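A.B. asks: These protein sequences, in sequence, are chains A and B. Residues 0 to 244 (numbering that gives the first Met the number 0) are what the first sequence spells out, left to right. Residues 0 to 223 (numbering that gives the first Met the number 0) are what the second sequence spells out, left to right.
Incorrect hints may appear among the rest.
[Said to hold, decoys possible] Residues on chain A that point at chain B, a partial pick, calculated with CB under 10 Å: (1) 148; (2) 213; (3) 226; (4) 232.
Calculated from the structure, these hints are not laboratory results. It should be emphasised that the depicted structure is a prediction, and the values quoted were computed from it without experimental measurement. The beta-carbon is built from N, C-alpha and C at its ideal position, and this holds for glycine as well.
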Amino acid sequence: MVVKLKVWRQAGPGQPGKLVDYVADKVHPDMSFLEMLDVVNEGLIRKGDDPIAFDSDCREGICGSCGVVIDGIPHGPDKGATTCQVHMRRFKNGDTITIEPFRARAFPVLKDLVVNRSAFDRIIAAGGYVSMNVGGAPDANSLPIAKAMADQAMDSAQCIGCGACVAACKNAAAHLFTSAKISHLGVLPQGEPERDRRVVRMVEQMDREGFGSCSNEGECEAVCPKKISISNIARMNRDFLRAIV
Amino acid sequence: MTLQKALSSSIGSKFLIALTGLFLFLFLVGHLAGNLLFMLGADAFNNYAHALISNPLILVAEGGLIAIFLLHIFKTVTMFVANRRARPDRYAAKKWAKTKNDRSRKTLSSTTMILTGTITLLFLVTHLATFKYGPYYETTEGIRDLYRLQFAVFSNPGYVAFYLVAMGVIGFHLWHGISSAAQSFGVDSPRWTPRLIWTGRVFTVAVSLGFALLPIYTFVMGRN
């Protein structure tokens with residue numbers, strides 16, 4: 000199959016960029032979206048052109064490295080999938096596909112489709128941890144945790160920090176990411192002692208990074224490759240309000 | 000963290016927006032209940048209005064209401080500006096992720112809150128000028144005859160249409176506003192949230208329809 004691409008090209012941070020047209024021919028429907036870009040890049044390199052820069056690592060949807068906006072939707076049209084899990088069979092022969100980087104002031108474009116997501120790391124560093132003396136591995140079940148709580152923590156902990164929530168949000172808010180990182184510790188007994196401090200510090204850092212605020216639309220949840228629920232945001236709001244009074 | 004700083008944070012701001020919004024909604028419910036006395040006739044309506052405006056506490060209530068309004072406006076406008084700033088480079092092609100699956104609450108209502116809010120403010124100014132600061136009629140008992148004023152205003156089909164549109168806009172604002180406020184307060188449970196969203200929408204429709212009923216009722220009664 001043949002698809003036409005409109006790809007955001009930008010030489011470096013702060014430089015002007017524009018959408019550039021490419022034609023990807025010899026696309027196999029079973030190729031992944033990123034493999035299709037690999038093939039386009041091989042063509043560009045052969046011609047001596049600069050290949051399209053994009054992030055990827057595991058290519059199996061668990062590392063959180065990849066992420067572009069495909070036809071206006073972060074990670075493309077598939078539910079609960081990252082960009083690397085999208086396949087070309089999702090598109091029709093002759094389709095025009097627009098590919099843009101995640102856009103947010105807190106995610107400056109480094110090159111083409113690669114954005115700097117270090118803001119997420121700084122939010123984690125502000126409080127996304129538990130402080131404890133780690134000795135040897137504790138006995139299993141030495142600390143009883145209700146199944147429902149363990150499930151909740153696990154659901155939140157699925158966040159791979161890809162940033163699609165920020166990309167989808169009309170306000171470029173990072174509430175879904177931050178709340179998932181707060182919840183997966185906060186609902187467990189190990190995270191309880193630092194619960195108040197954690198939420199305050201992480202929210203402070205999130206605001207400092209220049210993310211927007213939450214309009215409670217849930218577009219983040221809709222694009223999240225791990226289907227993290229905005230219930231996490233409600234819990235973060237609760238925890239924050241509890242912590243400040 | 001000081002309380003002032005906390006209330007300026009993204010979460011604190013949304014909390015204040017939700018809280019002031021909730022108060023404004025409760026005011027609307029009270030306002031509607033009072034207005035519906037119109038249907039009981041001139042005496043009931045005018046006596047109620049007189050009791051309300053002759054009470055010295057009305058100044059405190061009005062002052063509080065204005066403060067709540069101003070805080071709601073200040074917080075939403077500053078937040079709107081900050082949110083625009085959070086994405087300086089727009090997307091060339093952006094679609095609602097709602098098209099991807101049903102895990103989004105995004106509606107036309109949720110995307111136009113700043114617009115419907117602004118229209119509501121403009122309506123409010125006109126509304127106060129028309130009624131509160133409008134023509135002063137007096138009953139034979141010497142109290143303000145708002146019953147007559149309402150007939151006078153809504154004998155004009157233009158006013159009726161304007162009010163109907165305004166009630167639609169306010170309803171549109173509340174359609175997202177009520178459930179959004181609950182989420183900002185952190186009220187959420189897998190079982191109750193869907194019901195809460197629908198309860199908010201039922202309240203919205205009830206209040207907007209209730210208010211919309213009055214201009215129509217007055218217009219039709221005035222004709223007969």
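A.B. asks: Each hint needs a verdict: does it hold in this structure or not?
C.D. replies: Do the hints match the structure? See the list:
Using the Cβ-Cβ criterion of 10 Å, the hint placing residue 148 of chain A at the interface with chain B is not satisfied: the shortest such distance is roughly 14 Å. The beta carbon of residue 213 of chain A comes within 6 Å of a beta carbon in chain B, closer than 10 Å, and the hint placing it at the interface holds. Interface restraint check: residue 226 of chain A against chain B, minimum CB-CB distance 7 Å, threshold 10 Å, status holds. Evaluation of the residue 232 of chain A hint against chain B yields a held restraint, the C-beta minimum of about 7 Å falling below 10 Å.
The structure fails to meet hint 1 from the earlier list, while all remaining hints are met.
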